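Colleague: Sequence:
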Amino acid sequence: MAEQKTEAYKKKQEELRVQYEKEQELHENKALLSKDSKDKLSLNFMYEPPPGVKKEREREDNEPEYKFEWQRKYNAPRESYCKGDNEIRDQPFDKECSMYSLSMSEARALQASTSAPEEEEEKPDVPTLMQHMRDSGLVMKPGALPLSATKIEENDTSNLTEMDLISQLTKKQKKKLLKKLEKMEKKKDKKHKKSKH
Numbered sequence: 001m002a003e004q005k006t007e008a009y010k011k012k013q014e015e016l017r018v019q020y021e022k023e024q025e026l027h028e029n030k031a032l033l034s035k036d037s038k039d040k041l042s043l044n045f046m047y048e049p050p051p052g053v054k055k056e057r058e059r060e061d062n063e064p065e066y067k068f069e070w071q072r073k074y075n076a077p078r079e080s081y082c083k084g085d086n087e088i089r090d091q092p093f094d095k096e097c098s099m100y101s102l103s104m105s106e107a108r109a110l111q112a113s114t115s116a117p118e119e120e121e122e123k124p125d126v127p128t129l130m131q132h133m134r135d136s137g138l139v140m141k142p143g144a145l146p147l148s149a150t151k152i153e154e155n156d157t158s159n160l161t162e163m164d165l166i167s168q169l170t171k172k173q174k175k176k177l178l179k180k181l182e183k184m185e186k187k188k189d190k191k192h193k194k195s196k197h
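Numbered continuously in full-length UniProt numbering, the sequence shown closes out at residue 197.
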């Protein structure tokens with residue numbers, strides 16, 4: 001890397017020296033010319049690019065003409081000593097999105113065709129999932145279930161007695177149920193006392 005930097009620096013200095021020599025030669029030629037041609041040459045600087053500016057790169061034959069600068073695709077910027085080295089490879093800056101300018105229906109069709117249907121797994125239904133969780137010692141929160149899964153089906157409750165329902169509850173749920181029942185009982189007592197007065 002250091003050698004490449006020094007080579008690039010030397011090359012740049014050489015270009016500057018050659019440019020300086022050309023300018024000096026031009027000035028010497030001006031001194032030798034007659035008065036009329038001196039006047040013409042004195043205005044010549046207006047038609048030549050400034051000495052530090054490099055010529056714009058020439059457009060290639062098959063390169064399209066761009067209206068705006070953002071349409072042009074550039075490669076990654078490189079240091080001057082890296083430009084001629086074939087061993088250094090840059091990653092492209094931007095890649096075109098395969099979904100660009102597709103309507104939603106085309107995008108869905110493209111996505112469906114790329115994903116294989118055999119790889120998709122069937123999702124277990126909620127009751128079997130809950131049963132697997134209970135077997136492994138986990139309990140699902142009622143808020144995490146969809147609304148249809150939280151409803152108790154009537155045919156299941158008709159077969160179960162109250163004692164069966166209570167026996168399925170955990171200790172914590174039983175305590176919570178007991179507290180709610182006690183609150184309901186107190187409310188009934190208060191209403192009953194108010195109605196007597």
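If you're looking for bench data, these hints aren't it; they were derived computationally from the structure.
Small disclaimer: the values here were computed from a predicted structure and weren't measured.
One or more hints might be untrue.
What the hints assert, rightly or not - Straight-line alpha carbon distances no greater than 35 angstroms define the calculated DSBU-like cross-link-like pairs of lysine-lysine that follow: (1) Lys-171 - Lys-186; (2) Lys-190 - Lys-172; (3) Lys-123 - Lys-186.
Colleague: Hint by hint, note whether the structure agrees.
Modeller: Status of the hints after comparison with the structure:
no.	hint	verdict
1	Lys-171 - Lys-186	23 angstroms, holds
2	Lys-190 - Lys-172	27 angstroms, holds
3	Lys-123 - Lys-186	46 angstroms, violated
Hint compliance for this structure: hint 3 alone is broken.
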